[in-house]
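So the chains spell out like this:
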Amino acid sequence: MNRYLSQYRENEEHILGWGFIVLFLLAWELTPHLVALPKGLALFFTTPYHIALKLFDMVTSGEVAFHFYVSGSEFVIGLGLSILVALPLGLVMGRFYTLNAMFDPFVTAFNATPRLVFLPLVVLWFGFGIWSTVVIVFIGALFPLLINTYEGVKNVDRVLVNVVRSFGANEWQLMKIVVLPNSMPYIIAGLRLAIGRAILGVVVGEFFGSDQGVGFLMAEAAGNYIVDVVFAGLILFMGISLVMTMAVKKLEDRLSRWRPEQVKTF
Amino acid sequence: MEPYIRSTDITLTFTPKNRDPVTALKDFRIELNSGEFVSIVGPSGCGKSTFLNVLLGLLKPDMGEMEIGGKKITGPGVERAMVFQEFGLLPWRTVMANVELGPELKGESVASRRPRAQELINLVGLTGFEGHFPHELSGGMKQRVGLARALATDPEVLLMDEPFAALDAQTRDLMQAELLQIWDKHKKTVLFVTHSIEEAAYLSDRVIVMTARPGKTKRIIKINLPRPRGYEMRLSPEFNDIKLDIWNTLKDELNPRE
Amino acid sequence: MRFGVLSERSVRFLLGAGAVTGFFLVWEFLLTFVFTFNPFFITKPSLMWDATGDLILSGELWKDLYISGTPFVFGFAAAVVVGIPLGVVMGWRRRVAFALDPFLTALYASPLVALAPLLIVMFGVGIKGKTILIFLLAVFPFIFNAFAGVRSVDTLLINVVRSLGGKERDLYFKVILPSTLPYIVAGARIAIGRGIVGIIVGEFYAASEGIGHALIWFGDMYQLGHMFVCILVLMIVAVIFTVGLRKAELAIAPWRTQETR
Ligand SMILES: Nc1ncnc2c1ncn2[C@@H]1O[C@H](COP(=O)(O)OP(=O)(O)OP(=O)(O)O)[C@@H](O)[C@H]1O
Ligand SMILES: [Mg+2]
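Protein chains in written order, with my numbering: chain S, 1130 to 1395; chain C, 4 to 261; chain F, 52 to 312.
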C-alpha cells in the first residue's frame, strides 16, 4: 500500500494531469447518455469516440493527406519567409536609431492589430487560394519575431561589445559573436509566439480565402453541420501546435545550455 | 630610454543624449616603460576607465594622441589587451572558448590556438574547468578566465580596470600574488587601475594619483620596494609609509558628497 | 540623438510622425502621378478621407462599433471573471495546477478560433455566439498569466511579511496582489488581441452588421476606400488598448519592464 502511495507521490503531476483529461473526455462521452439534450443542441452534438473514429477514418482513407500537405506548406513557407525577413530587419532596426524611430509607429500599429483584419484585402490582392493564406501567415508571424529580435539587439550588453571590439572584431564578427547569441533567448520567445500566430493564420486564411487545406475542410464541414470533422481538424491543428512548441523547446534547450536556469516564459 | 607608451595631453569630453557634456579627461598625459607595472588611483568618476579605453583603442580622444612602441594608436590592436572589471565573459561560451576569443578573431585555426589556450588555463589554475560555462564559476575563477583571455593574444601591454574589485579579500590577495608571478615571468607592461591604495602600493613600480574630474595627473609616486614582494612585506613600516603618502596625496581629491 | 532644443523624445516622435505622414503622402503621390490608379485593387488616402466623412456622417461607423463592441465587452468581462480566479487558484493549490495545466495548455495551443463556425451555427449570428467565441479566446491569457503571477510571488517576501506580524489579508494586499497584477495586465494585453480576432472571425463568418462584417462587405462591393477606413479604425482601436495597457503595466510595476513582453 505504502509503495503505491509513494509511487503516486512521485508521479502525482502526470497522474493528475492525464487523469483530468481522461475524466473530461469521459464526462463528455457520457453526457448524451445521462442528460436529455435539447433538440437544437442534439443535432450538433458529438462525442470524443465519434471524433476519434472520424479522425482515424480521415487519416487512413488518405482524405486528409492532401489538405494536410497544403496547410503544412502554407505554414512552412509563411513562417520561413517571416524568419528570413524579421531577423535581418530586427538586427538593423536594433542598431540604427533613426530607422528604428521611423519604423516604430508602423511596427507598433501592425503588431497591436490582429493581422487577419487584412484578410479581405489580401484575398483581393493575392486571389483565392494558398498564396493568400501564406501571406496571412507571413504577416502574422513577422511582427512578434521582428519585435523580439529588435529588443534582443537593443539589450545587448555594452561590456561584451567592448570586450569583443577590443580584440579587433569587425561589425560582422560583433554580430556573430555577441549580438546574435545575446538576442537568441528573445528570438526564441518570438518564434514561440510566431508559431501560434502562424497556425492561427493557416486556419483563418483557409476559412475565408481558400478551397484547400485542413482549415477549409473544417469550414466546409461546419457549413454542412458535420461536427466530427470540425473537431477532428481542431485536434490536427492542436497536434501540430504541440509538436512545434516542443520542437522550439528542444531548440531552446540546445541553445541555452550556457544559461543558469530555464527562464519560464508565458 | 624612450618610454614604450607615451601620450601628448589627452582631452576627452562625453556628449551624452539629453545631458550636459562631461569632460572626463583634461590634459592627461602618461609615459610607461616597457615591462613596467604602473597603477592608477583616483577618485571615482575621474576618468580612469575612460583613459584605459582610449589606450585600448575603443574611444577616440578629442585632443591629443597616444603612441605605443613608436606607433600611433588608432584602434584596438593585438599588442594590447584588457582585463575588465565586470569580467566581460561571453556567457554562452565555455571557459576554453572564452580564452580562445582573441586568437579566433585574429583568424588563428583551432589547432594552433587550442594548445596555447590550454596552457594559459593551466597557468591561471583552471585546469579541468575548460568545458564550464561562466555561470558555473565563482567570481575569482571568472576573473582568472578574464586574465587568461587577455594573455591569449600574447599582448605586450595588459590593461586592467579594477580587475579584483569584485573579489573577496582572500581571493584578491591570491590573485595579486599570481598576477605578480605572471608579470614577472612573461615580462608584460601592466597598467592597473584600482581603488585600493594597498593594492597599488603592493603591485606597482609607480603609482599615478589622479585629480578629481576632469582627471589629470596629480602626482607620480615611485615605489622603491624590493621584488619579489611577499605577503610579509605588506606589514613592514616602509610599506605603511608609502600607503600613507598615497593616501595623503589622494584625500584632497575625494569629494565627500560622492 | 539631439537637435538643438529638441529632447530625444520629441525627435523620436517627429521621426515617427514624419514617417507616417510621408507614407500617406507618397502613397497618394504614387497613385496620382506615377501609376495608373485602379480603384478595384487599391485606394488612396484622399478617397479614404472621403470615406471616413461618409462613414461618420451616416452614423454607420458608430453603429458598427457598437454592435461589435457589445459582445466584446461581455466576452471580455466573462474572461476576466472566470480566468483570474481560476489562475489564482491554480497558482495557490499545487494539485489543482497539476490537474488543469496540461488540459488548459492543450486548449490554449489549439486554434480555438476554428470553432467559430460551429459556435455561430449553434448559437446564431447574434450577440450570443460572438460573446462565447470571444470568451473562449480571451480567457486563456488571464488564466495563465494569473497562474504565473501567483507562482512568481517570492516566498521570502511572504515570510518577511508574516514575520513582521502580517495577517492573511496583508499577504493578499501587500504581496500577492502587487506581484500578480502586472502579470494580469500583461495577460489583458494579449487577451485584447485575441478578443478582436474573435470579433472579426465571428463577423466574417456570418453576420449582417458589425465592423468585421463591414470590412468584408465593403470588400465585396469594391468600396476599397471604406474598407481601408475600417481596417484603420480597427488598428487604431487595437493600438489604443495595447498602448494603454502597456502604460498601465508600467505604472503599476515600474520595476519590471522586460519580463512580461
Ligand atoms: N559613455 C559615457 N557617456 C557619458 N559619460 C560618460 C561615459 N563614460 C563615462 N562617462 C563619464 O565620464 C566620467 C569618467 O568616467 P570613468 O568611467 O572613466 O570614471 P572612473 O575613473 O573609471 O570611475 P570609477 O573609479 O568609478 O570606475 C564620469 O563622470 C562618467 O559619468
Ligand atoms: Mg572605472
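It cannot be assumed that every hint is accurate.
Sample of chain F residues at the chain S side, in silico, Cβ under 10 Å [to be verified]: (1) A68; (2) F125; (3) Y256.
Covered, in the sense of this in silico footprint (three residues per stretch, anywhere, with C-beta under 8 Å from a C-beta of chain S), are these stretches of chain C [stated by the list, open to error]: (4) 55-61; (5) 88-94; (6) 101-112; (7) 222-232.
Residues from chain C shown here face chain S by an in silico Cβ test under 8 Å; the list is partial [said to hold, decoys possible]: (8) M85; (9) F136; (10) T156.
Since the hints were made in silico from the structure, they are not lab data.
Cβ atoms here follow ideal geometry from the backbone N, Cα and C, with glycine treated the same way.
Verification of the supplied hints:
no.: 1; hint: A68; in the structure: holds (8 Å)
no.: 2; hint: F125; in the structure: violated (19 Å)
no.: 3; hint: Y256; in the structure: holds (8 Å)
no.: 4; hint: 55-61; in the structure: holds (count 4)
no.: 5; hint: 88-94; in the structure: holds (count 4)
no.: 6; hint: 101-112; in the structure: holds (count 4)
no.: 7; hint: 222-232; in the structure: violated (count 0)
no.: 8; hint: M85; in the structure: holds (5 Å)
no.: 9; hint: F136; in the structure: holds (4 Å)
no.: 10; hint: T156; in the structure: holds (7 Å)
Comparing the model with each earlier hint shows violations of hints 2, 7; every other hint is respected.
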